[in-house]
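> The listed protein sequences correspond, in order, to chains A and B.
Heads up, the first sequence is in this note's numbering, so the first residue is 1 and it goes up one at a time.
Heads up, the second sequence is in this note's numbering, so the first residue is 1 and it goes up one at a time.
Quick caveat, the hints were computed from the structure, so don't treat them as lab data.
Hints are supplied without guarantee of correctness; some may be wrong.
Over the 10 Å line for every Cβ pair with chain B, so calculated as not near, a few chain A residues [to be verified]:
#1 P78
#2 Q82
#3 L86
#4 I105
#5 Q117
#6 K140
#7 H146
#8 D164
#9 H183
#10 H187
#11 A208
#12 D232
#13 G239
#14 K240
#15 S320
Straight line, CA to CA, 16 Å or less: simulated EDC-like cross-link-like pairs of lysine to aspartate or glutamate [what the hints assert, rightly or not]:
#16 B:K186 to A:E87
#17 A:K236 to B:D20
#18 A:K292 to B:E133
#19 A:K155 to B:D64
#20 A:K303 to B:D178
#21 A:K292 to B:D64
#22 B:K182 to A:D232
#23 A:K113 to B:E154
#24 B:K186 to A:D254
#25 A:K114 to B:E133
#26 A:K106 to B:E133
#27 A:K115 to B:D93
#28 A:K94 to B:D176
#29 B:K182 to A:E169
#30 B:K27 to B:D111
The beta-carbon is built from N, C-alpha and C at its ideal position, and this holds for glycine as well.
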Amino acid sequence: MGLRKRPTKKVNKKVAKKVTKKATKKAAKKAPKKAPKKTAKTTKKKAKKVVALPGLGNEVHLFNSLLELIRVTSAEMPDDIQKVILEALAREEKNTTAEYAMNIIKANIELAKKKSQPICQDTGTVLFYVNHPKELDQIKFTKTLHKAVLAATKKGYLRQNSVDSLTGENPGTNIGPGHPAIHFHQHNKSHLEVSLMLKGGGCENVGAQYSLPHNELGAGRDLAGVRKVILDAIQKAQGKGCGPGVLGVTIGGDRGAGYIHSKELLLRRLDDTNENKELAVLEKDIVETANKLGIGPMGFGGKTTLLGCKIGALNRLPASFFVSISYMCWAYRRQGVKLKNDQSIQKWLY
Amino acid sequence: MKRLQYPFSQEEIRKLKVGDMVLISGKIYTGRDAVHKRLHEGVKPPVDLKNQIIYHCGPVVLQDKKTKKYEVTAAGPTTSIREEPYQWEVMRDYGIVGVIGKGGMGPKTLDGCKQYGCVYFHAIGGAAQVLAEKIKSVESVNWLDLGSPEAIWELMVEDFPVVVTMDSHGGSLHADVDSSSKTLLKDFM
Ligand code: SF4
Chain A
1 MGLRKRPTKK VNKKVAKKVT KKATKKAAKK APKKAPKKTA KTTKKKAKKV
51 VALPGLGNEV HLFNSLLELI RVTSAEMPDD IQKVILEALA REEKNTTAEY
101 AMNIIKANIE LAKKKSQPIC QDTGTVLFYV NHPKELDQIK FTKTLHKAVL
151 AATKKGYLRQ NSVDSLTGEN PGTNIGPGHP AIHFHQHNKS HLEVSLMLKG
201 GGCENVGAQY SLPHNELGAG RDLAGVRKVI LDAIQKAQGK GCGPGVLGVT
251 IGGDRGAGYI HSKELLLRRL DDTNENKELA VLEKDIVETA NKLGIGPMGF
301 GGKTTLLGCK IGALNRLPAS FFVSISYMCW AYRRQGVKLK NDQSIQKWLY
Chain B
1 MKRLQYPFSQ EEIRKLKVGD MVLISGKIYT GRDAVHKRLH EGVKPPVDLK
51 NQIIYHCGPV VLQDKKTKKY EVTAAGPTTS IREEPYQWEV MRDYGIVGVI
101 GKGGMGPKTL DGCKQYGCVY FHAIGGAAQV LAEKIKSVES VNWLDLGSPE
151 AIWELMVEDF PVVVTMDSHG GSLHADVDSS SKTLLKDFM
């Protein structure tokens with residue numbers, strides 16, 4: 001995941017790239033000698049990889065992989081998130097409403113997985129992040145993706161959740177202008193990586209964007225100001241976003257880019273560390289301070305208000321300084337797959 | 001842990017206080033945006049709401065093709081504040097004694113709770129599967145013309161877990177937590 005990795009160790013990435021390049025060169029040199037030994041099948045596959053591109057020759061595989069990605073994202077909580085939820089449960093005092101809420105959340109995660117049913121019935125905005133080689137035909141890929149979303153909706157992995165904004169009409173397909181959201185990013189690798197996030201409406205509604213300086217809060221155009229507005233957003237959200245939640249926060253960008261990027265930050269693993277030291281400190285500080293506010297799970301009062309905070313920055317105009325905050329509820333549904341050349345699933349990303 | 005058993009009564013409801021963890025058993029009705037809007041427009045409810053509980057929920061309901069029986073597969077609460085303009089009227093005009101939802105409601109509803117004897121129960125947002133398990137059967141459906149999620153579903157529940165966050169004595173956990181967190185925040189700014 002380019003995005004997920006972006007905030008962590010750029011240096012390593014460069015090194016890794018060099019190594020891969022060398023390795024590929026070596027492989028290329030060796031390839032002709034080895035080729036005759038390979039079975040006809042593998043040769044075919046290789047040929048396919050070059051000529052038939054993702055979304056073309058292996059459409060059935062791609063469809064199946066995407067459908068499975070949607071099912072798993074909707075029904076199974078990724079490990080890194082489950083871990084912090086269990087930690088939050090352990091932190092709450094016994095026989096409190098906070099513990100009660102966390103226990104039900106835990107039971108719900110287990111039950112959803114067992115029954116292969118949506119963790120929350122609001123299966124949210126469907127957001128895809130596609131890292132692809134330069135050959136990808138985005139139009140064809142999108143067609144297959146839409147088919148998978150439609151099938152997932154029919155099977156009940158996704159609720160019929162996308163309505164016409166003007167008429168309120170629900171076509172029942174989850175497909176329409178802007179939905180599902182698909183973000184394509186080209187990478188220098190030959191495989192496809194598709195991540196999916198299902199972001200509920202309740203938590204999306206408590207997201208916020210601030211323009212600094214913010215006089216009322218006394219927030220200036222620096223990290224101290226950023227901290228103030230983030231804390232303000234947490235206090236305003238109370239339990240309405242189905243807390244305890246996780247924040248994605250983007251400093252800078254224009255209004256649109258800021259919000260988009262703030263969601264992309266939610267692709268980071270919860271246990272990673274920001275490569276920017278100052279931001280790493282701020283992330284930790286936000287979580288600790290939020291948890292001192294006593295808002296607690298569902299806003300019942302308690303020790304855990306926030307499970308995590310991920311902060312990133314985009315360039316901005318000298319004239320603007322936006323802080324864009326996306327709130328993700330405890331039902332933090334995101335997964336990803338790395339696909340093989342035949343578009344079947346090679347591995348899960350979380 | 002307290003238990004609330006159908007038939008519900010004003011008397012039982014008045015005993016509940018903010019912070020009570022309650023398991024509800026018996027009959028409840030779903031009702032969300034379209035139902036509240038229609039009631040507000042003066043249409044009489046198709047069921048007697050006296051001493052009943054309304055659940056802000058758009059359930060996912062499947063119907064067995066052969067037996068025609070309904071089954072609820074997901075049933076978490078939806079955000080309640082959208083019914084803030086109407087909820088007190090439903091208390092006044094039709095005598096409901098409980099509202100289940102999430103996120104809490106505002107001063108109009110809190111006033112209504114006090115005046116007409118009603119409480120606000122907070123269900124656990126997002127816990128669709130756990131809550132669906134507590135729904136034992138679907139007894140009837142009304143106003144299906146509003147669409148399945150918006151219809152009035154009559155559900156039989158058993159040990160449905162909720163927390164009283166607004167009581168009939170003017171107490172609101174939401175108002176309390178909001179103001180205490182605001183005060184605490186000042187120190188951290
Ligand atoms: S905010 Fe999240 S947990 Fe709550 S109802 Fe929406 S999707 Fe579900």
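> Evaluate each hint against the coordinates.
Status of each hint after checking the structure:
no.: 1; hint: P78; result: 15 Å, holds
no.: 2; hint: Q82; result: 14 Å, holds
no.: 3; hint: L86; result: 16 Å, holds
no.: 4; hint: I105; result: 6 Å, violated
no.: 5; hint: Q117; result: 6 Å, violated
no.: 6; hint: K140; result: 32 Å, holds
no.: 7; hint: H146; result: 22 Å, holds
no.: 8; hint: D164; result: 14 Å, holds
no.: 9; hint: H183; result: 25 Å, holds
no.: 10; hint: H187; result: 33 Å, holds
no.: 11; hint: A208; result: 15 Å, holds
no.: 12; hint: D232; result: 7 Å, violated
no.: 13; hint: G239; result: 7 Å, violated
no.: 14; hint: K240; result: 4 Å, violated
no.: 15; hint: S320; result: 23 Å, holds
no.: 16; hint: B:K186 to A:E87; result: 28 Å, violated
no.: 17; hint: A:K236 to B:D20; result: 24 Å, violated
no.: 18; hint: A:K292 to B:E133; result: 34 Å, violated
no.: 19; hint: A:K155 to B:D64; result: 15 Å, holds
no.: 20; hint: A:K303 to B:D178; result: 15 Å, holds
no.: 21; hint: A:K292 to B:D64; result: 49 Å, violated
no.: 22; hint: B:K182 to A:D232; result: 9 Å, holds
no.: 23; hint: A:K113 to B:E154; result: 28 Å, violated
no.: 24; hint: B:K186 to A:D254; result: 29 Å, violated
no.: 25; hint: A:K114 to B:E133; result: 13 Å, holds
no.: 26; hint: A:K106 to B:E133; result: 15 Å, holds
no.: 27; hint: A:K115 to B:D93; result: 41 Å, violated
no.: 28; hint: A:K94 to B:D176; result: 21 Å, violated
no.: 29; hint: B:K182 to A:E169; result: 40 Å, violated
no.: 30; hint: B:K27 to B:D111; result: 25 Å, violated
This entry does not satisfy hints 4, 5, 12, 13, 14, 16, 17, 18, 21, 23, 24, 27, 28, 29 and 30, going by the numbered hints stated previously.
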